[in-house]
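S.K.: Read off the chains here:
There are 2 protein chains.
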Amino acid sequence: MSDVQVVDAERAGGFPCVVAALDVGGTKIAGALVRYAASDTAPVVEARRAVPTKAARGGAAVLETLSALAGELVAAGATDGQAVVGVGVGTAGRVDARTGSIAYANEIMPGWTGQPVAAHLREVLGLPVAVLNDVQAHALGEARWGAAQGADTCLMVAAGTGLGGAIIAHGRVLRGAHGFAGEVGHTLSPDAAGVRCVCGGTSHLESVASGSGIEERYRAAGGEALSGAEIAERAAAGDELARQVIELAGSSLGEAIAGWASMLDPELVVLAGSVLNAGPLWRDALHEGYARQTPETLRSLPLVDAQLKGDAPLIGAAENLLDFLGARD
Amino acid sequence: MSDVQVVDAERAGGFPCVVAALDVGGTKIAGALVRYAASDTAPVVEARRAVPTKAARGGAAVLETLSALAGELVAAGATDGQAVVGVGVGTAGRVDARTGSIAYANEIMPGWTGQPVAAHLREVLGLPVAVLNDVQAHALGEARWGAAQGADTCLMVAAGTGLGGAIIAHGRVLRGAHGFAGEVGHTLSPDAAGVRCVCGGTSHLESVASGSGIEERYRAAGGEALSGAEIAERAAAGDELARQVIELAGSSLGEAIAGWASMLDPELVVLAGSVLNAGPLWRDALHEGYARQTPETLRSLPLVDAQLKGDAPLIGAAENLLDFLGARD
Chain A
407 MSDVQVVDAE RAGGFPCVVA ALDVGGTKIA GALVRYAASD TAPVVEARRA
457 VPTKAARGGA AVLETLSALA GELVAAGATD GQAVVGVGVG TAGRVDARTG
507 SIAYANEIMP GWTGQPVAAH LREVLGLPVA VLNDVQAHAL GEARWGAAQG
557 ADTCLMVAAG TGLGGAIIAH GRVLRGAHGF AGEVGHTLSP DAAGVRCVCG
607 GTSHLESVAS GSGIEERYRA AGGEALSGAE IAERAAAGDE LARQVIELAG
657 SSLGEAIAGW ASMLDPELVV LAGSVLNAGP LWRDALHEGY ARQTPETLRS
707 LPLVDAQLKG DAPLIGAAEN LLDFLGARD
Chain B
407 MSDVQVVDAE RAGGFPCVVA ALDVGGTKIA GALVRYAASD TAPVVEARRA
457 VPTKAARGGA AVLETLSALA GELVAAGATD GQAVVGVGVG TAGRVDARTG
507 SIAYANEIMP GWTGQPVAAH LREVLGLPVA VLNDVQAHAL GEARWGAAQG
557 ADTCLMVAAG TGLGGAIIAH GRVLRGAHGF AGEVGHTLSP DAAGVRCVCG
607 GTSHLESVAS GSGIEERYRA AGGEALSGAE IAERAAAGDE LARQVIELAG
657 SSLGEAIAGW ASMLDPELVV LAGSVLNAGP LWRDALHEGY ARQTPETLRS
707 LPLVDAQLKG DAPLIGAAEN LLDFLGARD
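So the sequences go chain by chain: A and B. Quick note, the first sequence lines up with residues 407 to 735 if you use my numbering. Quick note, the second sequence lines up with residues 407 to 735 if you use my numbering.
Take these hints with a grain of salt, some might be off.
[As the list claims (entries may be wrong)] Using C-beta positions, here's what the derived DEER-type ranges look like:
(1) His576/A to Glu513/B: 28 to 36 Å
(2) Glu639/B to Arg705/A: 38 to 46 Å
(3) Ala462/A to Asp645/B: 57 to 65 Å
(4) Arg705/B to Thr433/A: 27 to 35 Å
(5) Glu636/B to Arg734/A: 51 to 59 Å
(6) Ala462/A to His576/B: 36 to 44 Å
(7) Val457/B to Arg705/A: 35 to 43 Å
(8) Ser618/B to Ala642/A: 39 to 47 Å
[What the hints assert, rightly or not] Selected chain B positions facing chain A (in silico; Cβ < 10 Å):
(9) Tyr510
(10) Arg578
(11) Leu580
(12) Gly588
(13) Asp597
(14) Gly607
(15) Leu611
(16) Glu661
(17) Gly665
(18) Trp666
(19) Met669
(20) Glu673
(21) Thr703
FYI, nobody ran anything at the bench for these hints, they're computed from the structure. Here a beta-carbon is modelled for each residue, glycine too, at the ideal position from N, C-alpha and C.
Model the full assembly from the supplied sequences, consistent with the hints where possible.
M.R.: Printed below as a string of structure tokens:
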């Protein structure tokens, strides 16, 4: 399926160039100019800014906020004397790869579902626009200029409140048929046997390995209602129940990574998200779980942490726009 | 990682053309000419032939047999007045995507590991050669001219003696970092909890959903030592133990497909392999398992049977050669 988000836009390519990049989350919308001196030099992220998403005001209002911020960036680029070649957006929710509209967003962003992000920005700004999911953007940023630089095949696992991910295949982010590719959280896990998942299925990895899964497992086992970070602190301090929950989160994820690695044969796996801060108990369990389930041939697969932090989704959104323009073909 | 199997070969492309295609299995080596009238018309498979692999004679002897058969096909093509543009090979075992050598083959083909298939055929025949795993070849054939024609993202699941698979991403077969991509059999399955897998891990899907898994589960539950086909017959005839084993094979595979679909967001899933003949009990359990674990958005994902039968790996091997030559760029 070809990407026809902006079917009649001029598909200009070439370097040097500047892209307006935006990252839409539930609490804030971040934006920046991503400046490329050449195709093979690391982009410079500049003119950073951020505004509150005010998600409760609804999807149409969020789209106006996004549009205004994108307009500011385009204007800032023009002031610098180098016209912005297009707008790259990474956003929470599932993005229709064909239209650049929001196919689905959860209750954190009411009314974001259905918003025609690419079409609206293009109409307002008169520039090519490419939109993808924020985790996919993060992975693409890391694959081009971060922890997975130059990787042709790569899996990113994002363990935060939920458990998401993204796949790089043939050097490009895998969007899938509907733009949903990379949702690793609904992989079956024997460690989650019988636990109901938010998606409606049962025994899914997200129920034990995500931040919210850690919190729920701790409560279900008789612990208090604490945040994942607090549970990790207690585990480090010797709380036996907390230790069990944190270690299960690590080992179940490590075991699942072995299965995904066997399936995708990636050059490396990039780990991202707040759960990475759960400490050495979690990390040791992750590596032990991986080693337990992976075949000999994949034992030395690098499992590395993401490098680009908050810039990754912006750089990835910019790279997706460059792919869309054919600038990297 | 770029494919450098034949770094200095002339990368001729263009249609019409004829490719010599070969499919190396543990019992026979099949070969044919795959003839293309144009880039967008279905290829014609002709001049079919097959010889015994005689795997016990060792890898070097198998390579000579393969080389002789490939030479016959090239000569046959020349006789017809249209020179063969190159040789496409699909083979049992894992193929190093960079060199076209056999990275690993199991005991069914002793000494096949390490054989420099691409380099040897190229030296003998003086033609470009591209080699890939036989399941990957099968999937590529189906994706280009069979059940998944035109698919950009597709998963093929091959349930035979073992449980394998292949992934089509961005319209091309995903080789992965070492050429191993698509090995879905080592996905964790709650239904296989605690069962030791041949790979060294535990709780892997292959132990319950493959043909050998069906046979072992039946024996482990107190049944006789029967073939998978015999167990399926008994299940259909009302044998309760056989029914349980066959239904578990179907439902565990269906549940796993839901996880893979969530991860890859394919346009469809293609099913192949002898286990597809296990009958309606197996098939109903497969679809029920899938429905139980898949999110609403993927409920209507087509799960379809492969169409091209024995021609699929040959057509896929030919398509891989065309990709290698850049003929489909």
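S.K.: Of the hints stated earlier, which fail here?
M.R.: none
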